[in-house]
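Engineer: As a plain string of letters, each chain reads:
2 protein chains.
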Amino acid sequence: MGRWEPNARGRLEQAALELYIERGYEQTTVAEIAGRAGLTERTFFRHFADKREVLFWGSGPLREHLVAAVEDAPDAAAPIEMVARAVQAVGELMGERRESARRRRSVIDANPELQERELIKLATLSAALAGTLRRRGVTDPAASLAAEVGLAVFKVAFERWVGDPAQPGLSQLIRESFDELKAVTAGSRLQQR
Amino acid sequence: MGRWEPNARGRLEQAALELYIERGYEQTTVAEIAGRAGLTERTFFRHFADKREVLFWGSGPLREHLVAAVEDAPDAAAPIEMVARAVQAVGELMGERRESARRRRSVIDANPELQERELIKLATLSAALAGTLRRRGVTDPAASLAAEVGLAVFKVAFERWVGDPAQPGLSQLIRESFDELKAVTAGSRLQQR
DNA sequence: AGACCGATGTCAGTGACTGTCATCAACGTA
DNA sequence: TACGTTGATGACAGTCACTGACATCGGTCT
Numbered sequence: 150m151g152r153w154e155p156n157a158r159g160r161l162e163q164a165a166l167e168l169y170i171e172r173g174y175e176q177t178t179v180a181e182i183a184g185r186a187g188l189t190e191r192t193f194f195r196h197f198a199d200k201r202e203v204l205f206w207g208s209g210p211l212r213e214h215l216v217a218a219v220e221d222a223p224d225a226a227a228p229i230e231m232v233a234r235a236v237q238a239v240g241e242l243m244g245e246r247r248e249s250a251r252r253r254r255s256v257i258d259a260n261p262e263l264q265e266r267e268l269i270k271l272a273t274l275s276a277a278l279a280g281t282l283r284r285r286g287v288t289d290p291a292a293s294l295a296a297e298v299g300l301a302v303f304k305v306a307f308e309r310w311v312g313d314p315a316q317p318g319l320s321q322l323i324r325e326s327f328d329e330l331k332a333v334t335a336g337s338r339l340q341q342r
Numbered sequence: 150m151g152r153w154e155p156n157a158r159g160r161l162e163q164a165a166l167e168l169y170i171e172r173g174y175e176q177t178t179v180a181e182i183a184g185r186a187g188l189t190e191r192t193f194f195r196h197f198a199d200k201r202e203v204l205f206w207g208s209g210p211l212r213e214h215l216v217a218a219v220e221d222a223p224d225a226a227a228p229i230e231m232v233a234r235a236v237q238a239v240g241e242l243m244g245e246r247r248e249s250a251r252r253r254r255s256v257i258d259a260n261p262e263l264q265e266r267e268l269i270k271l272a273t274l275s276a277a278l279a280g281t282l283r284r285r286g287v288t289d290p291a292a293s294l295a296a297e298v299g300l301a302v303f304k305v306a307f308e309r310w311v312g313d314p315a316q317p318g319l320s321q322l323i324r325e326s327f328d329e330l331k332a333v334t335a336g337s338r339l340q341q342r
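Quick note, the sequences are listed as chains H and D, same order. Throughout the first sequence, residue numbering follows the working numbering, covering 150 to 342 in sequence. Throughout the second sequence, residue numbering follows the working numbering, covering 150 to 342 in sequence.
If a hint is listed, it holds; no wrong ones were tucked in.
Distance windows between CB atoms, simulated:
no.: 1; chain 1: D; residue 1: P223; chain 2: H; residue 2: P261; range: 30 to 38 angstroms
no.: 2; chain 1: D; residue 1: G207; chain 2: H; residue 2: R252; range: 33 to 41 angstroms
no.: 3; chain 1: H; residue 1: E175; chain 2: D; residue 2: N156; range: 30 to 38 angstroms
To be clear, the hints were calculated from the coordinates, so they are not data collected in a lab. The beta carbon of each residue, even a glycine, is placed where N, CA and C say it ideally should be.
Please put together the full structure from these sequences, using the hints given.
Structural biologist: See the structure below:
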């Protein structure tokens, strides 16, 4: 057995989530989180860059998953279709954990600092998607737009999914939102020259 | 003459921008900003909620402008068209100050904290747009999507505009990006059921 | 004159985050 | 077996963003 209890990182993550839910994000100090995990404040910052990051480390694997899905899409697919497939794949992963997503979401919704972090994580995903599209030969305005728009669709679908228990599964909501996107952008008056 | 030099807020803003450019955002302390403006640190925080906000207070008027443009759009216009008009209007406003936009952008690009703030400001604009659309009778998935997608288009156009001096005016880039959006989302394989 | 107001200064905090050095079990190696 | 190395942690001091409370003092109103 090691010198310390195993899984320090996991204990910190768990303690942080609990405290953020119990008292709110701002009312929780890093020292309290570390204390509940049986560690010191300094150690917290060795595992997470800052107090917010403990809620967002999962976005790394998410990014890899998205990128892989775009890389694996058939050549014949249109760019937006590649993105749609990737977003779908992620949606199916998250679809399992609706309750835990809702808990996490309630914490984030209550604090603007956390919302900022969430947005930059999404922007990172979008940039990764756009880069992958470019590597597959999609030229630039289209690549950025497809990635950006695809993530916007995901965002809208995800919000409906966590916000209303009466809604169907995430996968289906994403599909519906992509259809809605098509309807919205096909507005006959879009050409305004 | 008043007891103090006038325009404290403006002096703080000016001093902050200068210092952020000279030394970088992180290397600048609020005390230094206040000192250059002939004020104290405490006074800085009376004018700006935090060290970043000094770069972003302009987004308030921007929001009002966007919302007004959507409110003034003709009833016959499709939702995405209302958003496109609003974004165009804003684009024409900013189009004048390309150099100052570039300076500001270089500061923001160099610091993730500032990028986070920028993103949440954009999200606020998107939410305001969506709310205005709803008030005009657009139902919800469509309203959110039109707002979100419209701002994504703006973002892409804006990035090209500030990033490459060889690009045409912002107004034209926004028009082109909306066209590109239409092309991208019209991909024949979008229906993936 | 005197009461009040509003912008600023002063000062003493709290808490996030960092740099640095010490500790000590585990592990490899002579 | 002894010994050097490594890696995760603790201890501690420090910086800086941000806040609350109270003092100051021209300008303004009555």
